[in-house]
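Novice: Chains as they are written, first to last, in my numbering: chain A, 1 to 246; chain B, 1 to 246; chain C, 1 to 246.
No lab work stands behind these hints, which were simulated from the structure alone.
It cannot be assumed that every hint is accurate.
All copies of an identical chain are treated as equivalent in the list; a pair is satisfied when it fits inside any one copy or across any two copies.
Claimed, not checked - Here are the simulated DSBU-like pairs of lysine-lysine, each with C-alpha atoms no more than 30 Å apart in a straight line: (1) K97 / K9; (2) K240 / K67; (3) K240 / K75; (4) K67 / K214; (5) K240 / K108; (6) K151 / K240; (7) K108 / K203; (8) K217 / K240; (9) K217 / K9; (10) K74 / K97; (11) K97 / K67; (12) K217 / K67; (13) K74 / K240; (14) K97 / K75; (15) K217 / K75; (16) K146 / K240; (17) K240 / K97; (18) K75 / K108.
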Amino acid sequence: MLTTIHQAKPLVHCMTNYVVANFTANGLLAIGASPVMADEVEEVADMVSIAGALLLNIGTVNTRTAKAMLVAGKKANECGVPVVLDPVGVGATPYRKSVVMEILDQVKINVLRCNEGELASIYGVSWDSRGVDSGEGDMDTIEAAKEVARKYQCIVVVTGEVDFITDGQEVTHVHGGNILATRVTGTGCLLSAICAAVLAASKQPMLELATTLKQYKQASEQSGEELGAFQINFINALQKMAEGHQ
Amino acid sequence: MLTTIHQAKPLVHCMTNYVVANFTANGLLAIGASPVMADEVEEVADMVSIAGALLLNIGTVNTRTAKAMLVAGKKANECGVPVVLDPVGVGATPYRKSVVMEILDQVKINVLRCNEGELASIYGVSWDSRGVDSGEGDMDTIEAAKEVARKYQCIVVVTGEVDFITDGQEVTHVHGGNILATRVTGTGCLLSAICAAVLAASKQPMLELATTLKQYKQASEQSGEELGAFQINFINALQKMAEGHQ
Amino acid sequence: MLTTIHQAKPLVHCMTNYVVANFTANGLLAIGASPVMADEVEEVADMVSIAGALLLNIGTVNTRTAKAMLVAGKKANECGVPVVLDPVGVGATPYRKSVVMEILDQVKINVLRCNEGELASIYGVSWDSRGVDSGEGDMDTIEAAKEVARKYQCIVVVTGEVDFITDGQEVTHVHGGNILATRVTGTGCLLSAICAAVLAASKQPMLELATTLKQYKQASEQSGEELGAFQINFINALQKMAEGHQ
């Protein structure tokens, strides 16, 4: 799938948090996509209308950028630009929950990319989510994801030790990965951005997102055992895959 | 000390600048802590109340985030969550000085982590601080730090060629380090975040912060002589220490 | 030229986007300059008045920071502090165009550092600029740059496969470089910051900026063929040049 992105070179409008903005931009560039970050309410409608996809990531959202996300999301819907929502740490505070629910209420999203704890919050079950990490709780995760997918008519991608993807009917599991990916900030956020790039270039989202999840896990497997160099190795692995070298 | 953090895995609420947010998150993850960045005034009280410690770093503060820092700091005090203040470049502009003095006035901080120039500004002596670098001036630094520690009833950590820590009575010096640490942005900021993680996991802050300062200097000593790779080596060194491999 | 910066150690006030702030700070530190990031309207006038140069980069500008850029730019003019403008993606949205034109209208800039697509937007010709990438169009680029340089009485630096610099009369071309530099975010933004450092330390801007462009291309040539490690190699190459090791 990454080779398709590399050929299509989609422009991905990222409204994301300042912690991972650099890594996200470099990850998108590595697979041949073209990232643009813009969060000013006066320009986001114009920016998204020339983009191939929109990413909404609430990692460091504030009242100003939340408003801009709604404007961008609605404009994306008008223009037929696909939207990926990454509800970072949605269970951590009532404010994050309200921002995410407002987006889900006013914007038709194409993909929800989250971890188990974030899914639990959106699904509405109690969960010990501990900041922006996934945490622990009691939920039939597959059923929850399917129900959320049906409710919001979107594809739900839940990442963790085993990833899975569902459109509310079918479920595909993706195994593999590297524990180091949980020790580097932004690997989930970058995946959400890459899902946006996939949607911009894809004709069969369910199939191609599943392939992308598999490639993403393979890239992390190829990124070694050393925390410090993980990002570098990971960028290299993504680039090689996108350029069809492996 | 870093091994204790690795076991406790504290959630550290970082209100920090966008220059170093990524490095700070990755540094905290390397030692096994769990970083969360959030600066929206509507959510910071909720976020800090589930955190193990709060970091206030004014590196790119603005009127919106300054207000949020006060809200978070006061809530941290209510909840017994320890607070670390990093007064980045406080001497550079009257605005920074006013933000820092307002925090010190309204929030009980546990640790002030600064360089000599920043200490001089808070202590109230003239200093040539040159942006966010330490600069030069004429001050009995130890006496100044002790007086500031007593005045604000906090621990003061002053970093430089030789670090020292004081609670207003005792003073511990920490030698070592690597000059390259001054040529990479965010090493001071990350140390402040790690001090917050220490407070979240510590029973004897003075002792354990001193140990942490020593480990931090050792990590920089193990990070080689090449500027480009310093961050990578440093992350690796921190991880190894936290995991007890050295 | 980079050795001159290394000796002068100018303080560069960077008002830049959050995607590249970290890389910009580390790149400036690598050449021995001292970066400070500050974008709060209440402090930028004070900050710029102690700086050697000011960088205005609109990559993730918003209404708050646009206002602060005008305040900082005007104060820089008052104090004789040179100003570099990087009009990131100016052609992508009417909002970006209005911000840039307002800066050009109210602030005397010393250097405009842009790509061909951004130049086209400022020059006023139609261009397919595709987000923040340069894109394609039909324009006599040299003539456009000369006219813009004359109109705003500034030096124009246009980077691409071949860079060139003009003061409206003379034109110098700079060859070389590494295609990987276009696959890593922030290489253009960092160059703008380094141009600011050059102005702070320079007596002959046209000549010394041209030398700097050449050195920047040489540094990228020395940064290998591997995307992941490009930034590290590039920082090392800049440092070595600034320290006169090559």
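Novice: Next step is simple, just say for each hint if it's right about the structure.
Specialist: Checked hints:
| no. | hint | in the structure |
| --- | --- | --- |
| 1 | K97 / K9 | between (33 Å within a copy, 24 Å between copies) |
| 2 | K240 / K67 | neither (38 Å within a copy, 43 Å between copies) |
| 3 | K240 / K75 | neither (34 Å within a copy, 48 Å between copies) |
| 4 | K67 / K214 | neither (34 Å within a copy, 44 Å between copies) |
| 5 | K240 / K108 | neither (33 Å within a copy, 45 Å between copies) |
| 6 | K151 / K240 | neither (37 Å within a copy, 45 Å between copies) |
| 7 | K108 / K203 | within (18 Å within a copy, 49 Å between copies) |
| 8 | K217 / K240 | both (14 Å within a copy, 24 Å between copies) |
| 9 | K217 / K9 | both (22 Å within a copy, 25 Å between copies) |
| 10 | K74 / K97 | both (19 Å within a copy, 23 Å between copies) |
| 11 | K97 / K67 | both (15 Å within a copy, 22 Å between copies) |
| 12 | K217 / K67 | neither (34 Å within a copy, 41 Å between copies) |
| 13 | K74 / K240 | neither (35 Å within a copy, 47 Å between copies) |
| 14 | K97 / K75 | both (22 Å within a copy, 20 Å between copies) |
| 15 | K217 / K75 | neither (33 Å within a copy, 40 Å between copies) |
| 16 | K146 / K240 | neither (33 Å within a copy, 41 Å between copies) |
| 17 | K240 / K97 | neither (38 Å within a copy, 37 Å between copies) |
| 18 | K75 / K108 | within (10 Å within a copy, 36 Å between copies) |
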